[in-house]
Amino acid sequence: MKFETVIGLEIHAQLKTNSKIFCGCSTQFGAPPNTQTCPVCLGLPGTLPVLNKKVVEFAIKMGLATDSTINHFNQFARKNYFYPDLPKGYQASQFDLPIVEHGQVEIEVDGHKRTIGITRMHMEEDAGKLIHDDRDPVSFVDLNRTGTPLLEIVSEPDLRSPEEAAAYLRKIHAILRYLDICDGNMQEGSFRCDANISLRPVGQEKLGTRTELKNMNSFRNVQSALEYEVRRQRDILMDGGTIIQETLLWDPDRNCTESMRGKEEAHDYRYFPCPDLVPIQINDAWIEAIRATLPELPEVRKKRFEQVYGLPEHDASLLTGSRELADYFERAVASCPHPKKVSNWIMTELIRALKDEDLAACKVTAEHLGTLVNMVEQGTLSGKMAKTVFLEMMVSGKAPATVVEEQNLGQVSNEDELAELVRQIVAANPSQAADFKGGKTKLMSYFVGQLMQKTKGQANPAIANKLFSQELAKV
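With my numbering, the residue at position 119 of the sequence shown is 314, and numbering never jumps.
Please keep in mind that the hints were generated in silico from the structure rather than gathered at the bench. Be careful, since some hints might not be right.
Quick list of in silico lysine-lysine cross-link-like pairs, DSSO-like style, CA-CA up to 27 angstroms [to be verified]:
1. LYS366 / LYS249
2. LYS536 / LYS661
3. LYS661 / LYS635
Per label pair, the in silico range of CB-to-CB distance [claimed, not checked]:
4. THR566 / GLU612: 20 to 30 angstroms
5. VAL503 / ASP262: 21 to 31 angstroms
6. ALA484 / ASN213: 15 to 25 angstroms
7. ARG365 / LEU243: 31 to 41 angstroms
8. ARG415 / GLU610: 49 to 59 angstroms
9. PRO507 / THR310: 19 to 29 angstroms
10. ILE482 / LEU586: 45 to 55 angstroms
11. GLN502 / PHE467: 44 to 54 angstroms
12. ARG415 / LEU586: 22 to 32 angstroms
13. PRO474 / ASP430: 27 to 37 angstroms
14. THR636 / ASP522: 38 to 48 angstroms
15. LYS324 / TRP481: 30 to 40 angstroms
16. LEU243 / LEU292: 16 to 26 angstroms
17. GLU612 / LYS550: 37 to 47 angstroms
Idealized CB from N, CA, C, for every residue including glycine.
Required output: the full structure, derived from the provided sequences and hints.
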């Protein structure tokens with residue numbers, strides 16, 4: 196029996212505000228435990244929340260960027276559950292009247308494009324954090340994160356493979372970063388994902404029993420966990436078993452899922468309108484004012500890179516996947532009128548050298564990279580030497596011309612100087628010269644290689660080829 200995979204994602208994005216959603220406490224990451232709290236975010240008796248207007252603005256921005264409907268009337272609800280890191284005993288969220296609904300984004304996997312629907316987006320407050328002691332059966336509670344504003348983005352169950360889920364996750368991540376409303380730092384937990392997955396026989400419309408993979412914080416983990424869950428559910432169904440609806444955790448060390456608890460439904464949370472927060476009313480003038488502030492988004496920028504810079508779709512897609520990388524490329528091109536060459540260097544040398552480091556920490560400025568590529572195109576530096584210069588720039592942050600001068604790495608283009616070496620090499624290799632004369636033209640690379648050895652790779656290849664052609668013609 197063949198099965199179809201059905202996946203829906205719930206993304207939690209911490210919004211990039213200076214203060215929390217209902218109080219003035221800082222949202223800065225990394226402060227000592229329980230130093231960024233107040234009676235409001237701790238839910239102490241007698242306190243009242245006041246909504247941070249910036250949170251509403253950021254939610255509208257994301258709605259507009261995903262072709263969604265902005266609900267002019269929306270309200271907060273209380274989502275009731277009891278965890279040690281939830282001091283109020285409920286979470287202020289949105290239920291039947293969210294701020295954003297019915298959006299969409301386009302993804303591409305293996306050359307195939309698909310539109311993925313967004314069911315809703317709603318504002319809510321984050322919970323605190325439990326810190327477990329590996330040595331003792333003790334857990335500590337840090338409530339600094341309590342009340343940090345979240346935007347939960349819920350997709351339609353339109354995703355049909357773990358690869359599509361990862362592509363959708365990257366697209367939402369990129370849009371949030373372009374809008375500058377979420378820093379997207381998955382290691383710090385400001386961009387997290389829950390995934391709902393089920394299998395059904397091909398051709399069946401009814402959805403199968405789903406499981407939920409909770410709190411994954413890397414693209415790789417999301418895809419790996421979903422791939423594992425597809426295999427696990429398929430094996431159970433093929434053996435005639437039934438899937439248990441439950442919440443699972445992904446263990447990246449053991450590469451498997453493990454049960455966390457039974458899956459809650461909406462009625463388990465006993466939602467009701469929050470009596471401490473008035474409904475939110477948004478007029479068209481505010482929406483249009485926010486629309487006017489939207490930046491150039493990834494899809495639009497990708498098409499511009501193809502049209503203006505003549506880049507292939509693959510290059511444009513990779514470069515615009517990150518706002519920082521796209522900005523870096525455009526600054527580099529301003530220093531070098533060879534967009535495709537700059538793109539090649541970024542996608543190979545730069546990304547390889549960065550590994551998993553943040554581009555913001557890169558010591559090679561975009562302007563210096565553009566200058567380096569220009570030096571190669573102008574023939575003042577060989578491609579091989581340019582890579583050596585680039586690696587030194589990654590360490591020192593120096594300009595390419597400075598590195599070339601300090602290490603004497605410039606390309607030798609003086610024809611008189613090279614011509615004498617060419618004559619010596621041809622004279623020392625009479626047999627190869629005769630074979631070349633007899634039609635074995637591939638020997639040209641042998642002669643050029645000899646010259647490169649003598650000049651430590653600094654001879655200009657184009658001039659070397661010309662001089663050898665002239666000298667070998669005399670044989």
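Kindly indicate which numbered hints from before are broken by the structure, ordering the numbers from low to high. 13
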